[in-house]
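Q: Dock chain B against the given chain A, drawing on the hints supplied.
Spelled out, the chains give:
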Amino acid sequence: RKEVEQDPGPFNVPEGATVAFNCTYSNSASQSFFWYRQDCRKEPKLLMSVYSSGNEDGRFTAQLNRASQYISLLIRDSKLSDSATYLCVVKLNTGFQKLVFGTGTRLLVSP
Amino acid sequence: GAVVSQHPSRVICKSGTSVKIECRSLDFQATTMFWYRQFPKQSLMLMATSNEGSKATYEQGVEKDKFLINHASLTLSTLTVTSAHPEDSSFYICSASPTSGPYEQYFGPGTRLTVT
Numbered sequence: 011r012k013e014v015e016q017d018p019g020p021f022n023v024p025e026g027a028t029v030a031f032n033c034t035y036s037n038s039a040s041q042s043f044f045w046y047r048q049d050c051r052k053e054p055k056l057l058m059s060v061y062s063s064g065n066e067d068g069r070f071t072a073q074l075n076r077a078s079q080y081i082s083l084l085i086r087d088s089k090l091s092d093s094a095t096y097l098c099v100v101k102l103n104t105g106f107q108k109l110v111f112g113t114g115t116r117l118l119v120s121p
Numbered sequence: 387g388a389v390v391s392q393h394p395s396r397v398i399c400k401s402g403t404s405v406k407i408e409c410r411s412l413d414f415q416a417t418t419m420f421w422y423r424q425f426p427k428q429s430l431m432l433m434a435t436s437n438e439g440s441k442a443t444y445e446q447g448v449e450k451d452k453f454l455i456n457h458a459s460l461t462l463s464t465l466t467v468t469s470a471h472p473e474d475s476s477f478y479i480c481s482a483s484p485t486s487g488p489y490e491q492y493f494g495p496g497t498r499l500t501v502t
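One line per chain: the protein sequences are A and B, in this order. Position in the first sequence counted from 1, then plus 10, gives you the numbering used here. Position in the second sequence counted from 1, then plus 386, gives you the numbering used here.
Check the hints yourself; a few may be wrong.
As the list claims (entries may be wrong) - The calculated label-pair distances, taken between Cβ atoms and stated as ranges, are:
(1) B:S404 <-> A:G64: 42 to 50 angstroms
(2) A:A27 <-> B:M431: 27 to 35 angstroms
(3) A:D67 <-> B:D451: 27 to 35 angstroms
(4) B:Q446 <-> A:E66: 23 to 31 angstroms
(5) B:S391 <-> A:A77: 35 to 43 angstroms
(6) B:K441 <-> A:S38: 25 to 33 angstroms
(7) A:E13 <-> B:E473: 44 to 52 angstroms
(8) A:R86 <-> B:S404: 45 to 53 angstroms
(9) A:N65 <-> B:T468: 39 to 47 angstroms
(10) B:D451 <-> A:A27: 44 to 52 angstroms
(11) A:S63 <-> B:E445: 27 to 35 angstroms
(12) A:S62 <-> B:E490: 17 to 25 angstroms
(13) B:E473 <-> A:N37: 27 to 35 angstroms
To be verified - Covered stretches of chain B (in silico footprint by chain A; criterion: 3 or more residues with CB under 8 angstroms from a CB of chain A, positions within the stretch not fixed):
(14) 400-406
(15) 428-436
Calculated from the structure, these hints are not laboratory results. Here the structure is a predicted model, which means the values were calculated and not measured. Just so it is clear, CB atoms sit at the ideal spot from N, CA and C, and this is done for glycine as well.
Same shape as in the complex, but just chain A (with noise of 0.2 angstroms):
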């Protein structure tokens, strides 16, 4: 089983739509969680950190369940420049602070 698993996609949805995304991990001593943001051939740019509480920040919303292991991240009102893959993205435990990627989720907003 994948440490970190993702729907790959693709998402093709219209302007303006609203959008969720949905991540498992597997390893329940991850510590800190987050979305990252690729465009094609491109590095993976911080989208934002997900805490326990669920955090916002402007159209992005993320959310964590610690108990079902379980990520999200909703885009509202989709923009044509949220086109991009989305990596699930798990921060474990280690003395290195090492970042264990998920394979993406495509999006593809429309006009």
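A: Here is chain B on its own, set in the frame of chain A:
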């Protein structure tokens, strides 16, 4: 702030040659840097963790004699792919974690290696 550069951004080399990739933290010191590899349509896979002044820690299945890592200063880590083969063709990305915390990882722009 928190800019990481990589050089070169793209390299094409012949099978059997060695390629060195540099990763620099431009505006912060990084005791720890990480090297990842990403094949098309796959996730980033951690290859090794590089610590300034000590030997790198390699992930299972990564050959340390093939992928040489040197972290000689708090702002520079290098990855050398020795005796490259076509199957080493990939996108290599480094990240750096500031010495002063809060342990975020900042990614370089990546190096696309093609071995012919």
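Q: Compare the structure with each hint and give your call.
A: Structure-based check of each hint:
no.: 1; hint: B:S404 <-> A:G64: 42 to 50 angstroms; in the structure: holds, 48 angstroms
no.: 2; hint: A:A27 <-> B:M431: 27 to 35 angstroms; in the structure: holds, 32 angstroms
no.: 3; hint: A:D67 <-> B:D451: 27 to 35 angstroms; in the structure: violated, 44 angstroms
no.: 4; hint: B:Q446 <-> A:E66: 23 to 31 angstroms; in the structure: violated, 38 angstroms
no.: 5; hint: B:S391 <-> A:A77: 35 to 43 angstroms; in the structure: holds, 41 angstroms
no.: 6; hint: B:K441 <-> A:S38: 25 to 33 angstroms; in the structure: holds, 30 angstroms
no.: 7; hint: A:E13 <-> B:E473: 44 to 52 angstroms; in the structure: violated, 24 angstroms
no.: 8; hint: A:R86 <-> B:S404: 45 to 53 angstroms; in the structure: holds, 49 angstroms
no.: 9; hint: A:N65 <-> B:T468: 39 to 47 angstroms; in the structure: holds, 44 angstroms
no.: 10; hint: B:D451 <-> A:A27: 44 to 52 angstroms; in the structure: holds, 50 angstroms
no.: 11; hint: A:S63 <-> B:E445: 27 to 35 angstroms; in the structure: holds, 33 angstroms
no.: 12; hint: A:S62 <-> B:E490: 17 to 25 angstroms; in the structure: holds, 19 angstroms
no.: 13; hint: B:E473 <-> A:N37: 27 to 35 angstroms; in the structure: holds, 29 angstroms
no.: 14; hint: 400-406; in the structure: violated (count 0)
no.: 15; hint: 428-436; in the structure: holds (count 6)
Hints 3, 4, 7, 14 from the earlier list are contradicted by this structure; the remaining hints agree with it.
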